[in-house]
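Asker: Next come the chains, spelled out residue by residue.
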Amino acid sequence: MRHFVKGNPDLCIGCRTCMIACVVAHEGRRIFEIDPDGYDFNPKLHMVKTAKISIPVQCKHCENPACLAVCPVNCIKVIDDAVVIDQTQCIGCKSCVEACPFGAIDMIAQVGTSQADGSKRVVANKCDLCVGTGDGPSCVRVCPTQALTLVDEDKMKEVVNEKRVESAKASTYIFEAKEEQ
Amino acid sequence: MGVPEIEDAKLIFNFGYNGADSHPIVQRRIVRAKQKGATIITADPRVTEAARIADIHLQLKGGTNIVLVNAMCNVIYNEGLVDQNFIDTMTNDYDKFVEVIKKYTPEYAEGICKVPADLIRKAARTYAKAPTAMILYGMGVCQFGQAVDVVKALGSLALMTGNYGKPASGIGPVRGQNNVQGACDMGALPNNYPGYQPVTNPDVQAKFEKAWGVKLSNKNGIPLTHVPHYVLEEKDPNKQIHAYYIFGEDPAQSDPDVGEVREALEKIDFVVMQDIFMNKTGEFADVILPSTAWNEHDGVYSCCDRGFQRIRKVVEPPKNVKTDWEIICEISTAMGYKMKYKDTEEIWNELIDLCPNFAGATYEKLEKLGSVQWPCRSKDMSDTGTVYLHKGKFTNPDGKGKFYTADWRPPKEVENDEYPLSFSTVREVGHYSVRTMTGNCRALRNLEDEPGWIQMNPKDCEELNIKHGDLVKVLNKRGWCITRCNATNRVEKGATYMTYQWWIGCCNELTIGSNLDPVSNTPEYKYCNCRVERLDDQKKAWDFVQNEYQDLRKRMGIRVVGKEAK
Numbered sequence: 001m002r003h004f005v006k007g008n009p010d011l012c013i014g015c016r017t018c019m020i021a022c023v024v025a026h027e028g029r030r031i032f033e034i035d036p037d038g039y040d041f042n043p044k045l046h047m048v049k050t051a052k053i054s055i056p057v058q059c060k061h062c063e064n065p066a067c068l069a070v071c072p073v074n075c076i077k078v079i080d081d082a083v084v085i086d087q088t089q090c091i092g093c094k095s096c097v098e099a100c101p102f103g104a105i106d107m108i109a110q111v112g113t114s115q116a117d118g119s120k121r122v123v124a125n126k127c128d129l130c131v132g133t134g135d136g137p138s139c140v141r142v143c144p145t146q147a148l149t150l151v152d153e154d155k156m157k158e159v160v161n162e163k164r165v166e167s168a169k170a171s172t173y174i175f176e177a178k179e180e181q
Numbered sequence: 001m002g003v004p005e006i007e008d009a010k011l012i013f014n015f016g017y018n019g020a021d022s023h024p025i026v027q028r029r030i031v032r033a034k035q036k037g038a039t040i041i042t043a044d045p046r047v048t049e050a051a052r053i054a055d056i057h058l059q060l061k062g063g064t065n066i067v068l069v070n071a072m073c074n075v076i077y078n079e080g081l082v083d084q085n086f087i088d089t090m091t092n093d094y095d096k097f098v099e100v101i102k103k104y105t106p107e108y109a110e111g112i113c114k115v116p117a118d119l120i121r122k123a124a125r126t127y128a129k130a131p132t133a134m135i136l137y138g139m140g141v142c143q144f145g146q147a148v149d150v151v152k153a154l155g156s157l158a159l160m161t162g163n164y165g166k167p168a169s170g171i172g173p174v175r176g177q178n179n180v181q182g183a184c185d186m187g188a189l190p191n192n193y194p195g196y197q198p199v200t201n202p203d204v205q206a207k208f209e210k211a212w213g214v215k216l217s218n219k220n221g222i223p224l225t226h227v228p229h230y231v232l233e234e235k236d237p238n239k240q241i242h243a244y245y246i247f248g249e250d251p252a253q254s255d256p257d258v259g260e261v262r263e264a265l266e267k268i269d270f271v272v273m274q275d276i277f278m279n280k281t282g283e284f285a286d287v288i289l290p291s292t293a294w295n296e297h298d299g300v301y302s303c304c305d306r307g308f309q310r311i312r313k314v315v316e317p318p319k320n321v322k323t324d325w326e327i328i329c330e331i332s333t334a335m336g337y338k339m340k341y342k343d344t345e346e347i348w349n350e351l352i353d354l355c356p357n358f359a360g361a362t363y364e365k366l367e368k369l370g371s372v373q374w375p376c377r378s379k380d381m382s383d384t385g386t387v388y389l390h391k392g393k394f395t396n397p398d399g400k401g402k403f404y405t406a407d408w409r410p411p412k413e414v415e416n417d418e419y420p421l422s423f424s425t426v427r428e429v430g431h432y433s434v435r436t437m438t439g440n441c442r443a444l445r446n447l448e449d450e451p452g453w454i455q456m457n458p459k460d461c462e463e464l465n466i467k468h469g470d471l472v473k474v475l476n477k478r479g480w481c482i483t484r485c486n487a488t489n490r491v492e493k494g495a496t497y498m499t500y501q502w503w504i505g506c507c508n509e510l511t512i513g514s515n516l517d518p519v520s521n522t523p524e525y526k527y528c529n530c531r532v533e534r535l536d537d538q539k540k541a542w543d544f545v546q547n548e549y550q551d552l553r554k555r556m557g558i559r560v561v562g563k564e565a566k
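Heads up: the protein sequence lines correspond to chains A and B, in order. Residue numbering for the first sequence follows the working numbering, beginning at 1 and increasing consecutively. Residue numbering for the second sequence follows the working numbering, beginning at 1 and increasing consecutively.
No lab work stands behind these hints: they were computed from the structure. All figures in this text were calculated on a predicted structure; none of them were measured in a lab. Each hint should be verified, as a subset may be incorrect.
Here are the simulated BS3-like pairs of lysine-lysine, each with C-alpha atoms no more than 30 angstroms apart in a straight line [claimed, not checked]:
# : chain 1 : residue 1 : chain 2 : residue 2
1 : B       : K402      : B       : K10
2 : B       : K10       : A       : K60
3 : B       : K402      : A       : K94
4 : A       : K163      : B       : K36
Selected chain A positions facing chain B (Cβ under 7 angstroms, derived; list incomplete) [claimed, not checked]:
#  : residue
5  : I13
6  : G14
7  : I20
8  : F41
9  : N42
10 : V48
11 : P72
12 : C90
13 : G92
Quick reminder that beta carbons are idealized off the backbone N, C-alpha and C, glycines included.
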């Protein structure tokens with residue numbers, strides 16, 4: 001099963017440390033050393049605050065990803081149980097943004113790139129569960145209230161089993177077969 | 001109470017306290033308390049994070065705090081939910097208090113504070129019936145013209161239910177800024193020596209005169225918020241302020257009605273600024289003294305729970321940058337009083353020996369225990385400080401707690417036809433205070449930058465034909481600024497909120513400096529009126545914001561590079 005990061009709105013305090021950790025994980029520690037205006041800030045998850053909810057929204061790493069299905073250049077791949085965009089191959093067509101039902105993908109201008117017309121390369125950007133960065137997912141690691149959980153197969157089974165037990169405990173039977181006359 | 005105790009509270013009553021934005025690390029303890037089963041009641045005009053996770057959210061109208069507190073006391077009194085034994089044996093002035101709260105029935109209160117009467121009843125019953133209850137209050141209580149009254153009323157709410165002198169109870173001011181408790185503890189107040197020893201007390205005066213070998217004044221000084229008055233309005237040159245030495249503070253950004261503050265700073269003969277980075281006050285300084293940052297020097301901070309904690313130097317400061325205490329020593333010596341210390345421990349030892357309540361908090365103890373909450377009177381290692389106060393006895397001379405509340409005084413400047421919205425300053429997580437520090441942090445600047453936001457209810461936005469993200473002009477009779485509209489259901493219709501750290505979206509252009517609490521002299525940052533105007537030419541407005549910001553940074557000598565250097 002593909003893994004995903006799930007947030008608990010009862011614990012989230014909306015601080016956005018996860019967003020900074022995401023950028024640090026993908027840009028590297030150089031963001032603390034280089035000029036503040038010299039890089040772009042493109043977190044792969046986004047804090048959403050409604051009247052009643054605060055929670056970061058990010059990719060669910062679907063088992064049958066709509067983004068992967070619609071990508072015309074096959075640059076969305078599954079690596080180590082994560083759905084990952086290969087930004088070097090992305091043509092910026094935005095099909096995946098349209099296909100994703102969760103708003104998990106956005107388009108970003110890449111730092112230090114330049115195309116023929118002088119504009120920056122714009123590519124699709126989303127959570128990759130910190131694949132290849134080592135100590136990930138960074139958002140889960142830094143959250144000060146442990147509001148984020150990396151859900152893997154074991155975790156999923158555990159929760160589903162708990163639910164089944166609860167369901168069994170609550171069961172009553174109303175479908176008595178009527179005796180045939 | 002101690003901050004760690006928050007996690008053990010059975011009930012937390014957050015009043016005008018938005019921990020998630022002001023102190024995320026404290027909010028973490030509130031969240032843990034909730035996980036452990038605590039009931040949370042939050043009184044706040046906005047849906048803050050603490051309100052969002054609360055069991056009861058009392059969404060009162062700004063500026064009506066005491067009405068709500070009195071009404072809760074009224075319910076507890078009328079329904080017999082008081083701790084009569086505690087009231088009889090441990091307190092004074094209960095009858096006078098009851099006389100005031102009688103009028104504040106939930107129905108009467110609802111008409112003013114807009115919280116449904118039944119919800120007030122529910123909150124009062126829940127608070128009174130909790131085995132132990134803790135009140136946390138913040139700037140939503142303190143930054144009003146009627147502030148100290150509300151603190152005392154909240155204190156009385158805890159008194160009438162016996163919530164003192166035991167763990168995870170009482171009333172806790174979660175202070176506005178880092179180490180503001182320390183500044184007060186160290187006597188950075190116009191009426192106290194270190195350790196809250198009054199300058200008007202002759203015995204105290206004699207003690208400090210002997211220790212320092214100088215004659216000292218027995219007159220109270222001038223509160224910070226009275227400075228503009230003593231510059232702009234005082235006619236007697238002998239009473240006027242002629243010189244202003246400002247350190248670690250940016251009054252041209254942080255004080256209310258910054259237009260008036262600028263006028264005062266222009267007029268003062270001599271201004272010295274001592275800080276780690278350039279700020280708006282620096283524009284008015286005759287002398288700028290660069291000093292070390294929090295991680296470049298040693299010292300002691302006080303937490304809001306009276307806990308002293310050591311801070312340690314972790315990086316070497318740039319050459320020729322001195323610590324605050326070294327600069328003070330050199331200036332004092334140059335002015336004729338030879339002041340010399342070899343390190344912060346020597347200063348600390350002098351200080352604790354002059355302050356009975358701090359006497360036992362040696363460096364050795366701070367190192368060993370991590371935090372020592374005063375009172376800590378004995379140097380013996382067995383005195384580990386005081387986690388919570390008032391155990392079996394209050395600090396008043398007769399050992400009893402004193403009931404007090406007052407009638408409601410509305411805010412001074414309310415909404416009218418010309419300025420139909422209310423306006424309040426708030427905090428946002430990420431940027432600290434006036435941003436002298438965090439504005440220079442790359443990642444935090446990336447998270448939020450100029451010109452900030454004004455939080456508005458979507459219905460107000462619709463009426464003004466403005467959208468989320470639009471630049472808008474916010475104005476009242478004192479001043480104006482340009483900022484972005486944040487359309488959010490977390491605020492009520494008719495109310496607006498801005499954070500006070502933006503140089504361009506500078507909300508203190510609008511705040512009112514003339515309605516101070518009579519006791520604390522704290523300004524009414526949380527209430528004045530305003531109007532929001534739509535800006536038809538958004539591109540022109542953005543250009544204005546960019547140009548103003550770049551000009552300001554250039555004037556301050558901030559090197560402008562990268563994508564903004566056009």
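Asker: Hint by hint, note whether the structure agrees.
Answerer: Now the hints, each set against the structure:
1. Of the pairs offered as hints, the one joining B/K402 and B/K10 holds, with about 25 angstroms between alpha carbons and a cut-off of 30 angstroms not exceeded.
2. Simply put, B/K10 and A/K60 have alpha-carbon atoms about 36 angstroms apart, too far for the 30 angstroms limit, and the pair is violated.
3. The suggested pairing of B/K402 with A/K94 is violated, with an alpha-carbon distance near 67 angstroms, which exceeds 30 angstroms.
4. Our distance criterion of 30 angstroms between C-alpha atoms is met by A/K163 and B/K36, whose separation comes to about 22 angstroms.
5. A distance limit of 7 angstroms between C-beta atoms decides the matter here; for A/I13 the minimum to chain B is near 4 angstroms, and the interface restraint holds.
6. Annotation: A/G14 was flagged as interfacial toward chain B, and the flag holds, the nearest CB pair being 5 angstroms apart, inside 7 angstroms.
7. Given hint, A/I20 at the interface with chain B, holds; its Cβ is 5 angstroms from that chain's nearest Cβ, closer than 7 angstroms.
8. Interface restraint check for A/F41: the shortest CB-CB distance to chain B comes to about 4 angstroms, inside 7 angstroms, so the restraint holds.
9. The interface hint given for A/N42 is violated, since its Cβ lies 9 angstroms from the closest Cβ of chain B, which is over the 7 angstroms cut-off.
10. A distance limit of 7 angstroms between C-beta atoms decides the matter here; for A/V48 the minimum to chain B is near 11 angstroms, and the interface restraint is violated.
11. Nearest Cβ of chain B to the Cβ of A/P72: about 31 angstroms, over the 7 angstroms cut. The hint is violated.
12. The beta carbon of A/C90 is not positioned within 7 angstroms of any beta carbon in chain B (closest approach about 22 angstroms), and the interface hint is therefore violated.
13. Interface hint at A/G92: violated, since its Cβ lies 20 angstroms from the closest Cβ of chain B, which is beyond the 7 angstroms cut-off.
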